[in-house]
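Peer 1: These are the residues of each chain, in order.
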Amino acid sequence: MIRLFIHVNVKKGGTYPRICKKYLYWQQLHLHRRREVELGISVTDKATRPPARYNEFDVEVVIQNKPVARDPEGEIIQRNLVNRGGFEDVTSVRSGKYLLFRLKASSPEEARDRVYSLCNTLRIFNPVVHTCSIQAKGCRN
Amino acid sequence: MRISVIQFPGSNCDRDVVHILRGIIGVQTDLVWHGRFRAGDYDAVVLPGGFSYGDALRSGAIAAYSPALEEVARLANNGSPVLGICNGFQILVEAGLLPGALLPNDCLRFVCKWVNLRVETARTPFTSGYEEGEIVHMPVAHHEGRYYAERTMLQRVSKREQVAFRYVDSNGVPSQAANPNGSTLNVAGVCNPKGNGLGLMPHPERASEGILSPNGCSDGLTLLQSMVAHVKETH
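Sequence lines, in order, name chains U and E.
Oh and the first sequence: position 136 is 136 in my numbering, straight run, nothing missing.
The number in my numbering is simply the position in the second sequence, starting from 1, with 1000 added.
Bound conformation, chain E alone:
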């Protein structure tokens, strides 16, 4: 069983993800340059955060044209887990593998802080380790994270239970104050109709070791562990 973390020019969370998968969870993980990625070699793939191609044109717009994304689409069609974190989410959205779009934050500033998230569905390979409605703690760090989808698309996404995470306050209410970027309906992460492709703006890899969390939690580790467990089951 092998997992790949794809490295684009400008990725900067790639080694963090590799550290968690390889060092903490203990699964064979390769850091692969985007031009060399081949879907057939891997059972799951992670598109890490960062600023691919310097965010030129739009965040993720140039990386979405990398040949690696054709391979990623092939992997997703085969039912293998595909996880996009932050810039990885932006790339998946730009490549059309996930619905909607990501716009500059409402406040027009780079937002870097810990947020509360509510798990909306536990029926994906990434959220099976959580309880539905559970509140988890992860950090966000982005400038273009305002999730947007037109009403009809949003209705379709909600109906198919494709919203995986929402920004909420400490009581679990998706309030405006708890929304760090002005995302429509406080959406923080969405998955594809099959559920095997997930994109989210918060960084689970930065919330995977208690020593690095302000309250000692490691909620992000559950997400990555769930993905690895799913791959082991299906392998």
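Same shape as in the complex, but just chain U:
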């Protein structure tokens, strides 16, 4: 398809820089589409394409075990550090993994949705055993 496109432009007498620029655009699009197939997600879709005007947002992701799955690390922190250190009113400590994503989006909601989609698509958390909470922080710009 790409070869045909160049051929047509040359016949019409298009200048070399124009052909080159368009060729690069199609090459980029082709690479994006290959990436879509690899990841199983759409990155060239208009709805998910980064908007022309955007800001950077920090999105926090906290992954922890489901309540039914024991969390030995949290239990040890609670029993052997917190309770023993005099904070006996603390009844539960849960440990987890914290990830901070910085990304470009037009709104915090869009940033959050993008990270939510990313976490599900790439299995950032294991749905068999983990819960995942996602929160967009303020704009950085």
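Just so you know, these hints were derived from the structure itself, not from any lab.
Note that this is a predicted model, so its numbers are computed, not measured.
Fair warning: there could be bad hints in the mix.
To be verified - Pulled from the structure, derived: some chain E residues nowhere near chain U, Cβ distances all over 12 Å: (1) A1101; (2) A1122; (3) G1133; (4) G1216.
Stated by the list, open to error - Calculated lysine-lysine pairs in the DSBU-like style (CA-CA distance at most 30 Å, straight line): (5) K137(U) to K104(U); (6) K66(U) to K97(U); (7) K1232(E) to K1194(E); (8) K97(U) to K137(U); (9) K137(U) to K66(U); (10) K1194(E) to K66(U); (11) K1159(E) to K1194(E); (12) K1159(E) to K66(U); (13) K1113(E) to K97(U).
Beta carbons are placed, not taken as given, at the ideal position from N, Cα and C, and that holds for glycine.
Here the structure of chain U is known, so what remains is to put chain E in place on it, guided by the hints.
Peer 2: Only chain E this time, still in chain U's reference frame:
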């Protein structure tokens, strides 16, 4: 007949498995880099132990996204044996080819010791050389080996006889003291519904030569020999 041992960045038991399959059992075995693995070239595949991608995110989580796992899934769907040992088990679970999940050990330490296992089913290509209920001896060496599955999933797995091995004491009782990592119901290894995919935390390749075992046993060799025998029968 050819068997493949897939090598990921961070695998460290790959050569041990190749040594047993090629050197002790005498079957043609290739050590294949994960990016070059093609299902069509092999009759069985082993995902060895180690620390693929440095255990980043979760053990096996990154390797589960390797294109090799799509090929492994294709091989498993065709009915060919797929064996995951330790980190290989974690990868198969993360890729969704085996049920459940593997969490950090109950004791929060890396556990490295010999354990007793009870063979729960002899109806898989990997356990056909054992007697059902037989107690075998193999070493474990892991930090994230606590098998977890929700109750409904666990019931389904037990009903379909997908639990292949359990941690037991010397009398064959699955006690808490015999459980090295806090696995649910002392599960040490599970297989897929067809039985041709098995994942287990203990290392059969490290229990395949009497000279390397504390009591001179080679119980792990039976598992690998069973797999090879099955491939020869179906080849």
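Peer 1: Are the hints correct? Go through all of them and say.
Peer 2: Against the structure, the hints come out as follows:
{"no.": "1", "hint": "A1101", "verdict": "violated, 4 Å"}
{"no.": "2", "hint": "A1122", "verdict": "holds, 28 Å"}
{"no.": "3", "hint": "G1133", "verdict": "holds, 29 Å"}
{"no.": "4", "hint": "G1216", "verdict": "holds, 35 Å"}
{"no.": "5", "hint": "K137(U) to K104(U)", "verdict": "holds, 12 Å"}
{"no.": "6", "hint": "K66(U) to K97(U)", "verdict": "holds, 13 Å"}
{"no.": "7", "hint": "K1232(E) to K1194(E)", "verdict": "holds, 18 Å"}
{"no.": "8", "hint": "K97(U) to K137(U)", "verdict": "holds, 18 Å"}
{"no.": "9", "hint": "K137(U) to K66(U)", "verdict": "holds, 24 Å"}
{"no.": "10", "hint": "K1194(E) to K66(U)", "verdict": "holds, 29 Å"}
{"no.": "11", "hint": "K1159(E) to K1194(E)", "verdict": "holds, 13 Å"}
{"no.": "12", "hint": "K1159(E) to K66(U)", "verdict": "holds, 24 Å"}
{"no.": "13", "hint": "K1113(E) to K97(U)", "verdict": "holds, 28 Å"}
The structure is inconsistent with hint 1 alone, although it conforms to all the rest.
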